[in-house]
Amino acid sequence: MLRNDIAITPELVAEHGLKPDEYQRILDLIGREPTLTELGIFSAMWNEHCSYKSSKKWLRKLPTKGTRVLIGPGENAGVVDIGDGQAVVFKMESHNHPSYIEPYQGATTGVGGILRDVFTMGARPIAAMNALRFGEPTHPKTHHIVSGVVAGVGGYGNSFGVPTVGGEVNFHKRYNGNCLVNAFAAGLLKSDEIFLSEAKGVGMPVVYLGSKTGRDGIHGASMASAEFDDNSAEKRPTVQVGDPFSEKLLLEASLELMASGAVIAIQDMGAAGLTCSAVEMGAKGNLGLELNLDAVPTREPGMTAYEMMLSESQERMLMVLHPHLEEQAEAIFRKWGLDFAIVGETTDTLRFVVKHHGDVMADLPIKDLGDQAPEYDRPWVEPKKQPVLDPAATRAPDDYRQALLDLLGSPNLSSRRWVWEQYDHLIQGNTVQRPGGDAAVVRVERPNGGKAKGLGFTCDVTPRYVEADPYEGGKQAIAESWRNLNAVGALPIAVTDNLNFGNPERPEIMGQFVKALEGLGDACRALDMPIVSGNVSLYNETNGVAILPTPAIGAVGLMDDVTRTVGVAFTHDEDVVVLIGDTAGWMGQSSYLSELFGIEEGAPPPVDLAVEKKNGDFVREAVIAGRVTAAHDLSDGGLLVALAEMAMAGKKGARILLPEIDVALHAFLFGEDQARYVVTASAAEASKLIVDAAMAGVPATAIGAVGGDALVIGDHLNVAVTDLSDRHESWFPGYMSGV
Amino acid sequence: MKSAVLVFPGINRERDMARAFEVVTGVKPVMVWHTETELPEGIDVVAVPGGFSYGDYLRCGAIAARSPIIDAVKRHAERGGYVLGVCNGFQIVTEIGLLPGALMRNASLKFVCKEVHLRVDDPTTAFTSAYTAGQVIRCPIAHGEGNYYADPETLARLEGEGRVVFRYCDELGRTTEAADPNGSLNHIAGIVNERGNVLGMMPHPENLIEALQGGTDGRGLFESLAKVA
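Protein sequence lines correspond, in order, to chains D and B. 1 is the number of the first residue of the first sequence in our numbering; add one for each residue after it. 1 is the number of the first residue of the second sequence in our numbering; add one for each residue after it.
Treat each hint with caution, since some may be false.
To be verified - Listed next, with one range per pair, are the computed distances between beta-carbon atoms:
#	chain 1	residue 1	chain 2	residue 2	range
1	B	A211	D	G83	16 to 26 angstroms
2	D	M695	B	V30	53 to 63 angstroms
3	D	G261	B	M31	46 to 56 angstroms
4	D	E660	B	G26	54 to 64 angstroms
Just so you know, these hints were derived from the structure itself, not from any lab. Don't be surprised by glycine CBs; every beta carbon is placed ideally from N, CA and C.
Hey, can you work out the whole structure from these sequences and the hints?
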């Protein structure tokens, strides 16, 4: 067994991921050499994952306030008012490193962690999404990782009982050595029944709930704060194992306990487990906290204080309870078959004291563990600007039909049905817009009856844009989520961000981070979408190769009447197809160039936030007013891919007559100019819509009519909708079955 | 009609089931915790809902089938009371022995959630009288182990006695391999016992009862029960 009083050597410090100057800071803070357990506690609190030491400075600049925001960043999840005394709680979090090492368990515990963040606040989870990014399909590890991650996401969410309603899946060689698994969850609660982690009162019992503590996940958070190399597979023992059954019990027991009035404060044990949760509860409440590890339920005998404090065993919670309701609380947990143990109490000493077998294993100043964590202003360099491509100078396809089929059948634009059919997206019976469209829509019943509201959910970011221009790419991630919500008739109200980047100690990576956040911030301010929660994942590098900068956005929109929504599918023959927004034929960083020709060049499309606002408001209002029969935002693959997606979804064709354009045809059809949508409406409504758009200063052009069983673009393209679907649906299953 | 919905640890579609009974029949079911040993007085229908009872960690439904409440469910069925087992509930009901056969891992080896078509092969049961013979309905599925299996003799008996109530089919009612989402023998999606008072089915009619959910084809099952009980 490891002794607590062994000498702390420089090697031991380095093994704990602490830099020499960080260790010196510890010595200065506590005025003596730390014990082994104390060193472990510091390493858990001060790693990048828990302390945000490289990112804090920049995160502070993000807009986090708004009239609807009840709780912003800093708690387990953000809380946003949706009226009627109800609030939506949501957050997105990464589980990248564990998922690469052990795809199934990495993904399950990612999903489990984010669900726990949401129900820790007192909310019942109502929706989940997943933004997944994998290496190129031909890379030897990709197939295995996709298969494990998708099964893991489903395995946990399906069993837990939350509908997984949306997400993203991308492939790119820059994720070859470092996949991204970003899990989003949202829950619903009463806005006056929010539970927080701040402990209150001295001498209150600190209670341990849920599963037992084992030796899994020790140093998980530290792993998430380091780069990978060829020996990373050796870190497999640091990956935790998920148990959705226990989590479901923990959910029901926690909500029942909260309803009983016994809970003063609650914190889930996520990264750095018992350490992080206990310190956070005490520090937030300006209280000390004393833990007695002899009382901690353990999976195996002989666990040391060090191991217990650093274990990341899943499905555990820490609570501070009202002493007189202890018995009642214990009965609830016993009913659900979960462990319940009083493991400590709050004190007025502002010390974090850990005792084991009667010995003091750690005695540290509780506030300093969090507040005095190092904070860095890391050097950064301005990212290099890419040239703007002349659309006419880019390569035109030899055959438009073939080009469209190849795009729809490409790894990045093909149907994700293979993925989302493995996720239960219908459980709870509230899924109104299912996966496969722009945004998912989930019904929310009003507490006192009446017409049901809705919440829209979407996940977005275009990493190749962010790579080429972090600032514009950052803006675009927010703009696309804005569009996706508008297209289903949901008013975008807030976002959560999951900032995945490489090694922040490299100035060019830090430059990406700084500029992307500036873009996110500007877009959030312009579109009134405050960032209420989030997570930063740095050091996403393997052997010195960083991932594409990937600030994944999870956005939430509100609908006053959930029935006022449309999907992407063409619905009625003779409906007029209307293109909203201006098309200049922006080819830089287009899917067309990257998927068909392997060219990732040029500046990405710029985002004019004022235009996004105007066009988006117009489309959303048209959807809510019931004026349009379908709406779809234009993104990867541009106009032609959007039209094809609408045709495939509706199993109906369209005849498109190109307007007079002074843009090269292929740039018009495949360009990725922003702030654009395609909507359909009856002929009579479409004419009125176009007039109203002109009045509102929104470009709107009738470009054709729905009907027939082929997508026809003038004389350039005529392709049966079934042919489109066959190609679109075949890539993923084919790849996964090895065909 | 009075209904009860059983709740085992790990069950997760009990709210969906309760809502369907309430929306369609107007009466809220009683939720019954697995450690109870008696059903509430005067219950007509016992619903065993979907989910992952005990995490499906042993064999799906095997642990739930040994819960304290199960004896009361058996007695209820023996008295002629109705039992509806959906998804994990179907698995539990087969584990109890109220229905023959077993649900194995899907032929694809993957969990699958999607809408399928079902053909109503027996509209004379208490569960299906609101449907017509051969009617094709839409219904969601969400399971990893819905691949129905029974030995040849049992299967022949089920078919001979016309106890296959729902079969997976395409939109035109044709039972094809492609329309079968899990590889079930004879494309079986739902069966009844000899007496016709116990129905087990993998699909989730409770998730398709309102236009908002994309359709109302699942209502018929609850309407049928409301008529007889």
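Tell me the numbers of any earlier hints that the structure contravenes, in ascending order. 3
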